[in-house]
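Participant: Those sequence lines, one after another, are chains A and B. Just so it is clear: in the first sequence, position 146 is 146 by this note's numbering, and no numbers are missing. With positions in the second sequence counted from 1, the corresponding number in this note's numbering is that position plus 355.
None of these hints come from the bench; they were simulated from the model. Some hints here could point you the wrong way.
[What the hints assert, rightly or not] Simulated pairs of lysine to any residue, SDA-like, Cα-Cα distance not exceeding 20 Å: (1) K243/A x I554/B; (2) K537/B x K276/A; (3) K276/A x N449/B; (4) K276/A x S410/B; (5) K537/B x G340/A; (6) K348/A x N412/B; (7) K832/B x G275/A.
[Stated by the list, open to error] Sample of chain B residues facing chain A (criterion: CB under 7 Å; computed from the structure): (8) S424; (9) N668; (10) L671; (11) E840.
Here a beta-carbon is modelled for each residue, glycine too, at the ideal position from N, C-alpha and C.
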Amino acid sequence: MDNSKTGEEQMNKLIKKENIKLWLNEIIKKYKVIAPYKLETGDFGFKPISNADEITLDYINPVISPVKQILFPAREVMLHYKKKGDSWEVELPKETDEKVVLFGIRSCDLSAMLFLDKFFMEGFVDNYYKSRRDNLITVNITCTEPADWCFCVCADCGPSKEEGFDLQLTEINDNYLVEIGSPAGKELVNIDYFKEAEESNLKEKERLVEETKNNKFKMPTTYFSKAIQNITANSIDKELWDKLGGRCLGCGSCSFVCPTCSCFNVIDEGEDSKGKRVRSWDSCMYCGFTRETSGYNPRKAPGDRVKRRYYHKLSYYYLTKMGSCGCVGCGRCIVSCLGGIDMPMVVKAVRRGKV
Amino acid sequence: MKEVLTVCPFCGCGCGIYLTGENGIIARVTPSLSNPVSKGSLCIKGWHISEVFTSPNRIQKPLIKVNGSFKEISWEEAFELISLKFNSIKDKENSFGIIGSSKFSNEDSYTLHKFARQIIKTNNIDSSFTLHYAPLIERLNDFDFYVTINDIENSDLIIIIGSNITVEAPQIARRVLKAYDKGAKVVVINSLKIPFSSIASIYIQPVPEELSVLIETLGKIINKKSYDKSNSNIFKLEEIASLYVKAQNPVCICGEDVFKGVKGGASFSSIFEIFKHRLFPLFTINNIIGAISFGVSPYVNEKKGLNIIEMLNASLEGSIKCLYIIGEDILLSAGDYNRTREALEKLEFLVVQDLFLTETALLADVVLPACSSLEKKGSFINMEGSIQPVLPVLKPLGDSKPDWQIFTELSEKLGNKLFYKDFDEITKEIEKINFLKNKKFLQAEVSHLGDVISDEFPLWAKVDNSRLFFHTGTLLKNSSTLMREIEQGTVIINSEYAKENDIRNNEKVKIISKRGEIIRNAVISDEVLKNIILVRGGLGDFSSNVILPFGLKWTTVRLEKSR
Numbered sequence: 001m002d003n004s005k006t007g008e009e010q011m012n013k014l015i016k017k018e019n020i021k022l023w024l025n026e027i028i029k030k031y032k033v034i035a036p037y038k039l040e041t042g043d044f045g046f047k048p049i050s051n052a053d054e055i056t057l058d059y060i061n062p063v064i065s066p067v068k069q070i071l072f073p074a075r076e077v078m079l080h081y082k083k084k085g086d087s088w089e090v091e092l093p094k095e096t097d098e099k100v101v102l103f104g105i106r107s108c109d110l111s112a113m114l115f116l117d118k119f120f121m122e123g124f125v126d127n128y129y130k131s132r133r134d135n136l137i138t139v140n141i142t143c144t145e146p147a148d149w150c151f152c153v154c155a156d157c158g159p160s161k162e163e164g165f166d167l168q169l170t171e172i173n174d175n176y177l178v179e180i181g182s183p184a185g186k187e188l189v190n191i192d193y194f195k196e197a198e199e200s201n202l203k204e205k206e207r208l209v210e211e212t213k214n215n216k217f218k219m220p221t222t223y224f225s226k227a228i229q230n231i232t233a234n235s236i237d238k239e240l241w242d243k244l245g246g247r248c249l250g251c252g253s254c255s256f257v258c259p260t261c262s263c264f265n266v267i268d269e270g271e272d273s274k275g276k277r278v279r280s281w282d283s284c285m286y287c288g289f290t291r292e293t294s295g296y297n298p299r300k301a302p303g304d305r306v307k308r309r310y311y312h313k314l315s316y317y318y319l320t321k322m323g324s325c326g327c328v329g330c331g332r333c334i335v336s337c338l339g340g341i342d343m344p345m346v347v348k349a350v351r352r353g354k355v
Numbered sequence: 356m357k358e359v360l361t362v363c364p365f366c367g368c369g370c371g372i373y374l375t376g377e378n379g380i381i382a383r384v385t386p387s388l389s390n391p392v393s394k395g396s397l398c399i400k401g402w403h404i405s406e407v408f409t410s411p412n413r414i415q416k417p418l419i420k421v422n423g424s425f426k427e428i429s430w431e432e433a434f435e436l437i438s439l440k441f442n443s444i445k446d447k448e449n450s451f452g453i454i455g456s457s458k459f460s461n462e463d464s465y466t467l468h469k470f471a472r473q474i475i476k477t478n479n480i481d482s483s484f485t486l487h488y489a490p491l492i493e494r495l496n497d498f499d500f501y502v503t504i505n506d507i508e509n510s511d512l513i514i515i516i517g518s519n520i521t522v523e524a525p526q527i528a529r530r531v532l533k534a535y536d537k538g539a540k541v542v543v544i545n546s547l548k549i550p551f552s553s554i555a556s557i558y559i560q561p562v563p564e565e566l567s568v569l570i571e572t573l574g575k576i577i578n579k580k581s582y583d584k585s586n587s588n589i590f591k592l593e594e595i596a597s598l599y600v601k602a603q604n605p606v607c608i609c610g611e612d613v614f615k616g617v618k619g620g621a622s623f624s625s626i627f628e629i630f631k632h633r634l635f636p637l638f639t640i641n642n643i644i645g646a647i648s649f650g651v652s653p654y655v656n657e658k659k660g661l662n663i664i665e666m667l668n669a670s671l672e673g674s675i676k677c678l679y680i681i682g683e684d685i686l687l688s689a690g691d692y693n694r695t696r697e698a699l700e701k702l703e704f705l706v707v708q709d710l711f712l713t714e715t716a717l718l719a720d721v722v723l724p725a726c727s728s729l730e731k732k733g734s735f736i737n738m739e740g741s742i743q744p745v746l747p748v749l750k751p752l753g754d755s756k757p758d759w760q761i762f763t764e765l766s767e768k769l770g771n772k773l774f775y776k777d778f779d780e781i782t783k784e785i786e787k788i789n790f791l792k793n794k795k796f797l798q799a800e801v802s803h804l805g806d807v808i809s810d811e812f813p814l815w816a817k818v819d820n821s822r823l824f825f826h827t828g829t830l831l832k833n834s835s836t837l838m839r840e841i842e843q844g845t846v847i848i849n850s851e852y853a854k855e856n857d858i859r860n861n862e863k864v865k866i867i868s869k870r871g872e873i874i875r876n877a878v879i880s881d882e883v884l885k886n887i888i889l890v891r892g893g894l895g896d897f898s899s900n901v902i903l904p905f906g907l908k909w910t911t912v913r914l915e916k917s918r
């Protein structure tokens with residue numbers, strides 16, 4: 001026990017704030033680095049960078065999660081096919097073994113990645129996802145300034161992670177505390193600029209996280225437990241789901257912006273003799289998503305689809321299957337749902353039995 | 356992997372979107388968080404832009420019809436042929452017509468306006484504005500944008516007249532819900548039940564011919580004039596009037612069932628008088644405002660030209676001999692499919708410029724491939740009147756060209772050189788010209804004569820767009836995901852009517868208007884009134900134009916059993 005504790009302590013480093021860009025430029029020499037940046041329009045995005053000056057760590061989460069964007073792109077060519085005589089020639093996209101460092105993501109998105117890992121790599125392994133995931137190293141930051149819609153603290157996915165990271169940075173006064181969570185992460189700090197962190201640095205980090213949790217979140221608490229109970233017990237009136245469904249404009253934004261949503265559709269695009277097989281994001285809020293070949297649709301009414309979506313996110317069955325509920329508290333559904341149906345709103349409605 | 360901020364090319368909301376082009380495809384669509392319209396969200400159409408514009412069905416080369424089928428030719432050959440034909444047409448002022456797109460950019464619109472008036476020398480130029488917003492034409496010089504999209508969110512009373520708002524303008528529906536959540540009252544006046552009827556504190560469901568009288572009465576109550584109290588909805592109207600008078604920030608939203616409804620002219624006229632600066636009409640095509648603002652209209656020169664419907668009629672009469680149609684699948688958008696088809700077939704020469712081989716393009720002698728708004732620079736004006744820049748994400752597909760460039764090159768071929776070398780020249784010039792802003796429209800009155808109830812046609816029929824279709828569906832039928840969402844075409848019939856006439860669920864019925872007939876599966880539901888049927892959804896949407904008059908979404912019909 002004591003040993004492991006000493007081990008952990010050795011896994012923590014400290015870097016001066018002014019050196020962070022120098023360090024990042026060292027990483028850029030060896031890896032492809034994708035990091036947050038500010039667009040001229042005022043929005044934020046993630047892009048491959050060639051110089052540390054391009055990045056900003058003071059950003060609002062982009063509408064699409066950077067993790068999802070990289071590991072499970074919106075549209076992906078799975079294969080090209082071509083008729084050759086009587087048979088078909090199939091060409092798979094080229095795999096690369098280029099290591100990618102995803103720098104500066106937040107804990108919510110990291111949590112979502114761990115969730116997606118379970119879906120794409122446990123049991124049936126999705127090689128498209130896995131080949132990218134195997135090459136991905138993450139550097140996440142402890143978030144001390146949550147946005148208006150953030151509630152990661154309720155989903156226990158932030159503002160800081162206790163495990164599952166490669167490297168985790170926390171801004172402490174003039175330094176960043178750097179927690180090392182994996183050999184790949186350790187590899188990144190294998191240069192100058194770092195010194196060993198002390199116990200007091202860790203204490204300061206804990207204090208900061210507690211302060212953030214207690215004082216910085218503007219959203220009212222989202223009480224998942226009672227909602228999970230009610231959903232698992234199937235004790236919610238159909239009327240409530242229909243009322244929620246009545247607000248649904250069927251845009252699918254909820255699924256696309258949710259960093260844990262992983263449903264996709266596979267389409268062949270092309271002519272008779274050649275074409276490509278494309279996989280693209282799909283949404284359980286679309287009517288055709290569950291329509292059967294016979295034409296029968298078990299979830300034709302929007303209310304039924306809202307119910308299905310939240311069962312998938314919150315029922316005990318999926319909780320045990322995936323190890324956590326399907327929400328990391330990033331609040332993107334609050335931003336994006338045209339009808340104002342979002343996780344905190346549904347949890348509240350399901351808990352109280354009314355909208 | 357550069358993200359380019361541009362404007363969604365579908366409805367008139369004008370969402371700011373980031374598109375990421377990669378190897379000739381759109382790899383990603385992301386709504387802008389900071390754009391005042393999208394604010395981090397898109398509708399189902401916007402999310403699927405990536406599947407539409409890089410479709411293998413796009414036209415990539417000019418086409419010429421030889422013995423009934425199309426053959427690819429070069430731009431040079433196409434221009435040669437077109438200029439020869441155009442030059443051979445006599446009295447172009449009266450025998451030539453141009454129908455411009457309500458989807459292409461302001462710069463395209465302005466170049467086409469100059470092409471029509473200076474090169475062809477005709478005023479017969481129009482967009483689909485006259486089809487969709489006829490009642491507004493006589494008010495254009497009084498019209499202005501007073502209410503912004505985000506004002507709606509802070510409104511305390513929202514009166515929605517004749518609009519299935521969730522379908523017509525999802526971003527506006529979003530604002531209505533936000534206002535409702537903050538305590539605003541919602542009032543719905545619509546002959547058809549809409550999703551927002553359920554959140555309305557007052558819902559009036561008039562029979563279609565009653566709408567204009569109803570609104571006129573509402574105006575009288577509000578303006579404290581004497582009014583007829585025999586109307587069955589009079590208490591509700593009085594309540595609306597009292598809410599309106601008390602409200603701090605009321606907004607009236609009106610849509611398709613006013614503009615393209617029964618007696619739309621009278622209804623809109625009353626709405627315009629009552630609500631004036633609190634009015635928010637839904638302009639549901641991305642740049643339909645840009646088209647009229649920059650001269651794609653028969654009412655902006657010294658002399659009036661023919662509007663889109665007059666051009667079709669003139670073709671039937673034989674006076675219009677040549678049409679140049681850009682980005683408008685008029686066969687599907689004008690209504691009265693058979694008459695439109697006849698008008699197009701009667702032409703001596705038809706040139707169609709579009710992204711896809713549309714139903715209209717199939718009738719053309721020459722088809723020119725235009726590039727989409729994802730492949731060129733420009734600007735759009737959205738439904739609140741904001742001009743937003745449009746930037747290219749992809750290279751023009753195949754040999755396709757920006758519309759303004761096609762007009763420019765064609766005019767040079769026709770022996771004139773007053774056009775533009777580059778895009779910036781046009782931008783500079785249009786800054787000074789905006790016919791809508793400068794109130795430069797000729798006084799005109801356009802009315803689409805609707806049908807009336809008779810013994811022969813005792814039912815009102817509305818042809819409803821699928822929420823998945825933008826305009827005619829030309830674009831969105833190229834998205835596999837959206838095609839999956841299309842439901843089989845149906846007709847919704849009131850249960851009492853169905854019982855009296857022995858019509859059962861899922862039974863095939865013939866819907867007959869004085870223009871033609873279509874067949875649909877019946878769905879019995881009390882969401883419609885007894886004397887209304889609703890023709891809904893389906894790919895067959897296209898053919899449902901057969902029963903409609905020009906420029907309207909409503910007609911009168913009778914039902915028969917189909918064998």
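Participant: Flag every earlier hint the structure violates by its number, smallest first.
Facilitator: 2, 3, 6, 8, 9 and 10
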